[in-house]
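*Asks:* Here is what each chain is made of, one letter per residue.
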Amino acid sequence: MRRFLKRLILFAAIPTVIAVVWTAFVVVMEYRSYVGALTLAEGETMVVCGDSQTKDALDPAIIPGLRNFSTAATTCDQDAMRLKDVLAANPGKVRRVLIDVSPLKIGYDISRPVSELNAARVHTFIHFYHFKENRRPLGSVLSLWRDVVFKRKFNEFRKSILRGRRWKSSLVGGFDPSTGVGFVSRKLRKMARSDATDKAARVNSRPPATSDLPLLDILEEQVKLVRAAGAEPIITTMPLSGPLREAIDPARRAAFTREVEALARRLGVVYLNYLELDLPIECWHDGNHLNRDGAEVFSKRFLRDL
Amino acid sequence: MLFNSPEFLLFLPLVFAGYWLLGAHLRLQNLFVVAASYVFYGWWDWRFLALIVFTSAWSWIFGLLESNAEPRSAASKARLALSCVINLGILGAFKYYDFFVGQAAELLRACGFEPHVAFLQVALPVGVSFYTFQALSYTIDVYRRQIAPTRDPIAFFAFISFFPQLVAGPIERATNLLPQFLRPRAFDYGEAVLGCRQMLWGFFKKCVVADNCAVAANFLLNDASLHNGLGTWLGVLLFTFQIYGDFSGYSDIAIGCSRLFGIRLMRNFACPYFARDIAEFWRRWHISLTTWFRDYLYIPLGGSRCGAWKRVRNTFVIFLVSGLWHGANWTFVAWGAFHAALFLPLLLGGRNRRHLDVVAEDRALPSLRELGEMLRTFFFALLGWTLFRAQSISEAGRWFRDMVDVRTFGSLHHLPRETTIAAVAVAALLLVEWFNRREAYGCARLPRLTSMRWGVYFVLLWLVVFYTPGSQTFIYFQF
Numbered sequence: 001m002r003r004f005l006k007r008l009i010l011f012a013a014i015p016t017v018i019a020v021v022w023t024a025f026v027v028v029m030e031y032r033s034y035v036g037a038l039t040l041a042e043g044e045t046m047v048v049c050g051d052s053q054t055k056d057a058l059d060p061a062i063i064p065g066l067r068n069f070s071t072a073a074t075t076c077d078q079d080a081m082r083l084k085d086v087l088a089a090n091p092g093k094v095r096r097v098l099i100d101v102s103p104l105k106i107g108y109d110i111s112r113p114v115s116e117l118n119a120a121r122v123h124t125f126i127h128f129y130h131f132k133e134n135r136r137p138l139g140s141v142l143s144l145w146r147d148v149v150f151k152r153k154f155n156e157f158r159k160s161i162l163r164g165r166r167w168k169s170s171l172v173g174g175f176d177p178s179t180g181v182g183f184v185s186r187k188l189r190k191m192a193r194s195d196a197t198d199k200a201a202r203v204n205s206r207p208p209a210t211s212d213l214p215l216l217d218i219l220e221e222q223v224k225l226v227r228a229a230g231a232e233p234i235i236t237t238m239p240l241s242g243p244l245r246e247a248i249d250p251a252r253r254a255a256f257t258r259e260v261e262a263l264a265r266r267l268g269v270v271y272l273n274y275l276e277l278d279l280p281i282e283c284w285h286d287g288n289h290l291n292r293d294g295a296e297v298f299s300k301r302f303l304r305d306l
Numbered sequence: 001m002l003f004n005s006p007e008f009l010l011f012l013p014l015v016f017a018g019y020w021l022l023g024a025h026l027r028l029q030n031l032f033v034v035a036a037s038y039v040f041y042g043w044w045d046w047r048f049l050a051l052i053v054f055t056s057a058w059s060w061i062f063g064l065l066e067s068n069a070e071p072r073s074a075a076s077k078a079r080l081a082l083s084c085v086i087n088l089g090i091l092g093a094f095k096y097y098d099f100f101v102g103q104a105a106e107l108l109r110a111c112g113f114e115p116h117v118a119f120l121q122v123a124l125p126v127g128v129s130f131y132t133f134q135a136l137s138y139t140i141d142v143y144r145r146q147i148a149p150t151r152d153p154i155a156f157f158a159f160i161s162f163f164p165q166l167v168a169g170p171i172e173r174a175t176n177l178l179p180q181f182l183r184p185r186a187f188d189y190g191e192a193v194l195g196c197r198q199m200l201w202g203f204f205k206k207c208v209v210a211d212n213c214a215v216a217a218n219f220l221l222n223d224a225s226l227h228n229g230l231g232t233w234l235g236v237l238l239f240t241f242q243i244y245g246d247f248s249g250y251s252d253i254a255i256g257c258s259r260l261f262g263i264r265l266m267r268n269f270a271c272p273y274f275a276r277d278i279a280e281f282w283r284r285w286h287i288s289l290t291t292w293f294r295d296y297l298y299i300p301l302g303g304s305r306c307g308a309w310k311r312v313r314n315t316f317v318i319f320l321v322s323g324l325w326h327g328a329n330w331t332f333v334a335w336g337a338f339h340a341a342l343f344l345p346l347l348l349g350g351r352n353r354r355h356l357d358v359v360a361e362d363r364a365l366p367s368l369r370e371l372g373e374m375l376r377t378f379f380f381a382l383l384g385w386t387l388f389r390a391q392s393i394s395e396a397g398r399w400f401r402d403m404v405d406v407r408t409f410g411s412l413h414h415l416p417r418e419t420t421i422a423a424v425a426v427a428a429l430l431l432v433e434w435f436n437r438r439e440a441y442g443c444a445r446l447p448r449l450t451s452m453r454w455g456v457y458f459v460l461l462w463l464v465v466f467y468t469p470g471s472q473t474f475i476y477f478q479f
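Keeping their order, the protein sequence lines are chains A and B.
All the letters of the first sequence, read from the start, carry residue numbers 1 to 306 under our numbering.
All the letters of the second sequence, read from the start, carry residue numbers 1 to 479 under our numbering.
Some hints could be false.
[Said to hold, decoys possible] Stretches of chain B that chain A covers, calculated by requiring three or more beta carbons in the stretch to come under 8 Å of a beta carbon on chain A:
id : region
1  : 315-326
2  : 440-447
[What the hints assert, rightly or not] Examples of chain B residues toward chain A, derived with CB under 8 Å:
id : residue
3  : Pro6
4  : Phe8
5  : Tyr457
6  : Phe466
Hints listed in this document are in silico derivations from the structure and should not be mistaken for laboratory results.
Cβ coordinates follow ideal geometry from the N, Cα and C atoms, glycine included.
With the hints as extra help, turn the sequences into a complete structure.
*Replies:* In structure tokens:
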């Protein structure tokens, strides 16, 4: 028995040591890179911390002074946390903050599957407490470690070494519209069939009359946070493609707009709502992400409204 | 609890430690096995523990009553019948009631009646088909006086509920497993190492081969709008390896895990895709179920030592029952009938026991004839799996139509990346199994050099950790 246990421990120790050393390295590098990437450049006075919709929609080259910190697949409370970090890293520099709110975030803001988050390289090691809400916390942490810390970060590290680049944090995003126009129609058709119905079903599953309290609470907290930092908050909702918008229950959409508008009125904040904005199909990469052309069209429209 | 879940990563070392710490006290050790097995089973839904406790208790009491009875007396026969009715009644209620009631209602509606039917609509308890058959095997063996009834309830409960094989087999016989719980067990270093190795191989088959095949097969077969014959062929091919990797992987993990506890389980798979005819395929696929049906159904019906018509009847009975055992759906019945139709010509022609040895036993490669036979058998198995995988007979019909209609053969776009991983993994699996086809499991033979051997372990571990496309449940849990 002793011999077996000794062998077993030795066998387990080798990958464990590699895993621990690599994880520590990734966490340190990621944290350093994250902190460094939060600092605004000269002339940047407006920030936005949203999800992939926002990341692909607002082009800083068209909207002067904007820094787009949005990253893919974030939840609304993760957006709030990143915003807090940005404001703390740039005291007195931020004048305007765009606070993103989307009907797609209703009902999954905390409980969405962690595997989805992993796939999209979002806030990971720093905000571990999200996983306690998950039904399988151990499995979540393990799959998070496997997919992000090892697979993705190792690949990024390998590429950065090959290309002689510095370590880049995946916790801070930036404007990065998805693929080009040629791919649109086929993918969008497929998306209209499956993904849009899945996404819409999640939103539709909530009764229209019920407020999404966590979402609205976080929104209100963000407004207070921005005001406390001496900046002007602007609430905004990004557009959705036709198939996805139509798949969402109209009563739910109307209730969402009504609730956010009521909150904005109560707090005295401007609300720029593009939920019903109808952009042509060529502007979309898929159901809810604009492509480069779409980002240009939308950013110009947004700038005009701003 | 699933073998491929993180919870099992904690569960197994804790149970291993507790089990061997109690090594000096047999009854305590068995009690610990029962408790651990119930935790393992109850992790899914603790309410269904009552069923397994009832099945175990009734079978044990039956054994006690039988110990003082006259062999094969009327009372004994009545008790056996009652025991079978109870065990099969539980199985029938949970697994088949809704199906048969639904079918009967459909039939009545077709005849112009308007029946009021009440469905149970309860979840199928995980592993109910497996432990019910295990309990039945004890009952019948005691009745036949092939095994002495045990007076030790703890050992008996451990035999029924032993966690590695509780939910998806192998379906153990009392003659093999029960005596192992009645005698003290000693830790064996060699057995434990081989057990770990077999578990690792099982995880490779489940996580890398089956799960990647599952993603690609689901992509190709679940989208009804595709209607692509080529995609259907590829989907069914991938499912053929998915079901093998999934189930034989589970069996390898179960057998390997049992070896850690000094318990030997029976072999459940023996490279079935290298079989040269369907009879050999069934001697190599789900061996524990096939032999169960042979011993407790086929032979009592007269087996193959009777007239031609009876042989035909017996063959169809065991294949149809075997199909129905897999689930309450006509697709499974059709799958059983398909295999019966393939098996019958061999049986009636006296060629069903032609291939009792291992293919190319004394050679590295098969002859052209053997290769042709293996490919033909594999092709038939693949056609069978098409029926098995379909949700309904009409869906199976549509797939078959697509598969033979070359006009539907289009190019395949946007295949998931798991397809490539699955293809490489299947190739590796076949290669390793071919060179280990005489052994008890895939990677039984490894280099003698420790560093080389450990290298293989680490490669397998790396593949299991990094090439698993999310946790997929085991197919056979639903049976």
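*Asks:* Hint by hint, note whether the structure agrees.
*Replies:* Results for each hint:
| no. | hint | result |
| --- | --- | --- |
| 1 | 315-326 | violated (count 0) |
| 2 | 440-447 | violated (count 0) |
| 3 | Pro6 | holds (4 Å) |
| 4 | Phe8 | violated (10 Å) |
| 5 | Tyr457 | holds (7 Å) |
| 6 | Phe466 | holds (6 Å) |
Hints 1, 2, 4 from the earlier list are contradicted by this structure; the remaining hints agree with it.
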